[in-house]
Each structure stands twice: as structure tokens, then as C-alpha cells.
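Each chain, letter by letter, is given below.
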Amino acid sequence: MELAQVRYFVTLCRTLNFTRAATQCNVTQPAFTRAIQKLETELGGPLLFRERNLTQLTELGRSVRPHLEAMLDAADAARDLAAARSTRLPASLKIGLGPGIGAASIAGAVSEVANALPGANIHFEESGPAALIEAMLNDMLDCALLPEFCDLPDRLNRWPMYTDRAVAVLPPDHELVKQNAVTARDLLDQTLLAGEYCGGFSVRLAAATGFSLRLQRCNGPTSQMLDLVAAGLGIALLSDRLRVAAPLTTRPLHDPELPRQILLTVVAGRPLNPAAASFVKLCRAQKFV
Amino acid sequence: MAELGKNGFMNQVLPQGAVFPDFMLPSAEGRLVSLTRKLARGPVIVSFFRGEWCPFCRLMLNALTEALPEIEAAGATLLALTPETGGLALTMKEYHGARFEVLSDVDCGVGLAAGVVFRIPKLYRGMLRPDFAERHGNAGWFLPVPATFVLSQDGVVAWRFAEVDFSRRAEPAEIIAAVRSLGARV
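Heads up: the protein sequence lines correspond to chains A and B, in order. Per the numbering used here, the first sequence starts with residue 1, numbered consecutively. Per the numbering used here, the second sequence starts with residue 1001, numbered consecutively.
Treat each hint with caution, since some may be false.
[Stated by the list, open to error] Okay, derived cross-link-like pairs now, SDA-like style, lysine to any residue, Cα gap no bigger than 20 Å in a straight line:
| id | chain 1 | residue 1 | chain 2 | residue 2 |
| --- | --- | --- | --- | --- |
| 1 | A | 38 | B | 1033 |
| 2 | A | 287 | B | 1119 |
| 3 | A | 287 | B | 1033 |
| 4 | A | 178 | A | 245 |
| 5 | B | 1122 | A | 42 |
| 6 | B | 1122 | A | 60 |
| 7 | B | 1038 | A | 112 |
| 8 | A | 38 | B | 1031 |
| 9 | B | 1122 | A | 63 |
| 10 | B | 1122 | A | 268 |
| 11 | B | 1122 | A | 178 |
| 12 | A | 287 | B | 1027 |
| 13 | A | 287 | B | 1130 |
| 14 | A | 38 | B | 1038 |
To be clear, the hints were calculated from the coordinates, so they are not data collected in a lab.
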């Protein structure tokens, strides 16, 4: 396949008009048509129906379109990033973080992008899945890390990043600090702080065990919840991927473990700016352990 | 394979004398590697690999690992590109004890720009064992043909090897000779 052929096909998918697509690609119509025919030969069948007033994608055309778009975007992004580096235009990287999903795991990739594109603006937005999905669809966010337990529209591409587990965050003098791990039974006579951004581990624990746990609502950012743990109000169940500063300590929750897969999501078919595209590539290329 | 050959696939591969498109890709260790930066140090060898699942790729990676001291002595940098994601570039690198960069060409973007990407025909998909959707992070069924480009310091393709037959690869001796002849010309 040739880059130009794929570019012509993707333009044709968007215009569904040979004349207009050829003009947009700055190429004569015979050359444009030949390129599409070559691509059809290589991909093993017609990609479009050509009727007098109507151009439509065939089933093959529809099935390869998203993949060719992604490949074209990747080709453009690899080049644009290299170019953005030399022009030093301001770049931005806007990442959504779902409930209880910290930035610690992706900090390395974010730093790498910031080093490659000095002056890039980095923006994190912590919110519920629905709000983050809406922000992505409205082009307010480039990508988001979301938990597997949420309704993802088909328009979002998703890649598994890592699986996190619950830890109990305890004040330094807490009796459970003496144990290597805590179980659901250990938490029966404890107060659990639960908020909209803590990742829902307490609610899942209650559902998984059927225990009636003592929950204290505490909405707002995780940092404030940790202040309340330090003050002795209760225990927080948070992701083991969050960094918890001393003097607070963490103990893994065993029995049940409450694993949660975290997905990297982006809107399908929408080209990302060089900073965001390289961030997504860095995340997809590596294995998060 | 025969079909790829018959369809004039080779005419699409970036020819000698063309400027290789600049790129920046993630390395096995999670760094962004820029072609321009590597070119600033000398000639660059860009070699496409299908993946660690391919025995011919493994053989060639071993051969290149062995040839690396000679490649470096000739002043060149070797970059191995693979469409594999999810840490598989690192697995590949560690398995061969390779000291050269292994880059993830995520979604085959650079492969497309170099004209080395093809779609695996439906007929063959069942025969190939690896789960490409998972390995590539997309269900596109695209792979690069084995191809190696030797780029002079200005980023121009000075020598290339491309072959639709995946069992045939560039010989390290030929690659080194191509790099050396560049040095002679400068």
C-alpha cells in the first residue's frame, strides 16, 4: 500500500465524491481513480460502489476504513511530532482520569512527551466516566483512563493498560497496620470513607461480600479524603496505583481482591495532536506492570 | 506472496534516492526516539520486523545483534521497527540481548509511509497463530514486509532491501557494505 492511496481513500470516505476528493488531494481525477483501483486490487475487492449519482462504501470498504484511518493518522502523527519538535509550536496534552485512577502509572509517558515537546501544556481532569466521555466527544480532552466497569460508546477506541487492586489506607497508629493484608471481615467494624472519585472499591466490596459496611460519604478530591484518614475519621479503600504519602500507610485488600482493569480510551477516527498522539503511542507500546 | 509480487507491491516501496519520512516513535523502554536525532550522529539503518512470533525475524535479529559492533564501527545507528505493542518490543529486545533500539511502529504508520505495509489476505489469517488484534492493538490485519533501508545522514535512502517473501532478508554483510560505501562517499 502507498501512503497516497490510503490518503485518497480516507478523503473519499469523507466526501463520497470522486471529483471533490481528487480536488482536495490536489491530484487529477484519472490519477486519483487509478490509485483507488490499485488499493482495491491490493485489498482484494471493491471498496466503493460507483453509481451515477451515488458513491457508497462496500462492506470491505466499511471494514477497512477505520484501520486505514488509524494507520494514516499514525503516519501523519509520527511525521508531525518530528516536525512539531523543530517548530516548537505550543502543544497540549489533556488527559482524563476516571475515579480513583492516579497519574503515577502514566507519569513516565507524560514526561517523555513534555521532554520531546518543550513548552507543552499538560492538563489532567479527574471526573466520573460519563463526564470524561462527554468531554472527549466534545474535543475537550484528548484521551482518558477509564475503569472497565463503565458504558463505553462504540465510538471510543480502547486498549487495556493495567489492572489495579484495592488497598486500605490507614493512619499510622491504626490496629490493622500490624497485619500484612486486610480482609473484608477486618473492615466490618471500621468506618470506610467513600466518595465519587475514590474508585468505588467500598461499594464493590459491599456488593461482593453482602456485608453491611459502615460508609461515610466524602465527596471531592482524593487528597482531602486522605487528610480525613490522617485525622482518624476512617479508612479509605483506594487503588494500589495511587501514591500515598507517609505517615499514612497502605495494606493490600485480600479476600476479595477487587481487581479492576484500566483502559486507555480515545475517540475513534479523530486525529490527535502530536503531543496526544505520541502519548497514546507510548502507552500502547509499553506493558504496565 | 505471489499475489503481492504480481500486484507490483515492490513499486510502492520507498525507492533509493527518496527522503525517508522523519518520525518519532516509542522505544522498547518507553522513550520517544527521533529519526532526525539519530541522523545527526551518522547514517541510520531502519529495519522492519513482523514480530517475535516470526522465526525469520528472530533469525535476522540474532544476525543483527551479532553484526552490531561492525555496524557501529562503520558509524551507523540501527533502528528495528515492529508493529507490536503492549511491551512486545521490549520482550523482543531482551530475548535477543539486542543493544540497538527496538521501536513500536504503532498502527504501522511509518511502515505505511515507507510503502512496506500489506494486509494479510483473509485466506491466510486462520493459518497465522498470533492474535494480531491484541499484539498490534488494532484488528486491521496489517503487517510490514521485511525491509531494510540504509539512510545517509541527510535522510535519503542510499540502499534498500525489500522482499515480499518473508523468508528472505537483507544480509548483515550487505547492510554493512552499504553503510561503508556511504562513508567512502562523504
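A quick look at each hint next to the structure:
At roughly 33 Å between alpha-carbon atoms, residue 38 of chain A and residue 1033 of chain B are farther apart than 20 Å, so this suggested pair is violated. Restraint check for residue 287 of chain A and residue 1119 of chain B: the C-alpha separation of about 26 Å exceeds 20 Å, so the hint is violated. Taken as a hint, the residue 287 of chain A and residue 1033 of chain B pair is honoured in the structure, with Cα atoms around 18 Å apart against an allowance of 20 Å. Of the pairs offered as hints, the one joining residue 178 of chain A and residue 245 of chain A holds, with about 18 Å between alpha carbons and a cut-off of 20 Å not exceeded.
Straight-line distance between C-alpha atoms of residue 1122 of chain B and residue 42 of chain A comes to about 12 Å, which keeps the hinted pair within the 20 Å bound. Proposed proximity of residue 1122 of chain B and residue 60 of chain A is supported: the alpha carbons are some 11 Å apart, at most 20 Å. Between residue 1038 of chain B and residue 112 of chain A, the direct Cα distance comes to roughly 17 Å. Compliance with the 20 Å bound is thereby established for this hinted pair. For the given pair, residue 38 of chain A sits about 37 Å from residue 1031 of chain B by alpha-carbon distance, which is inconsistent with the 20 Å threshold.
At roughly 13 Å between alpha-carbon atoms, residue 1122 of chain B and residue 63 of chain A fall within 20 Å of each other, so this suggested pair holds. Restraint check for residue 1122 of chain B and residue 268 of chain A: the C-alpha separation of about 24 Å exceeds 20 Å, so the hint is violated. The suggested pairing of residue 1122 of chain B with residue 178 of chain A is violated, with an alpha-carbon distance near 59 Å, which exceeds 20 Å. This hinted pair checks out: residue 287 of chain A and residue 1027 of chain B have alpha carbons roughly 12 Å apart, not beyond 20 Å.
For the given pair, residue 287 of chain A sits about 18 Å from residue 1130 of chain B by alpha-carbon distance, which is consistent with the 20 Å threshold. This hinted pair does not check out: residue 38 of chain A and residue 1038 of chain B have alpha carbons roughly 35 Å apart, beyond 20 Å.
Checked against the numbered hints listed earlier, the structure breaks hints 1, 2, 8, 10, 11 and 14; every other hint is satisfied.
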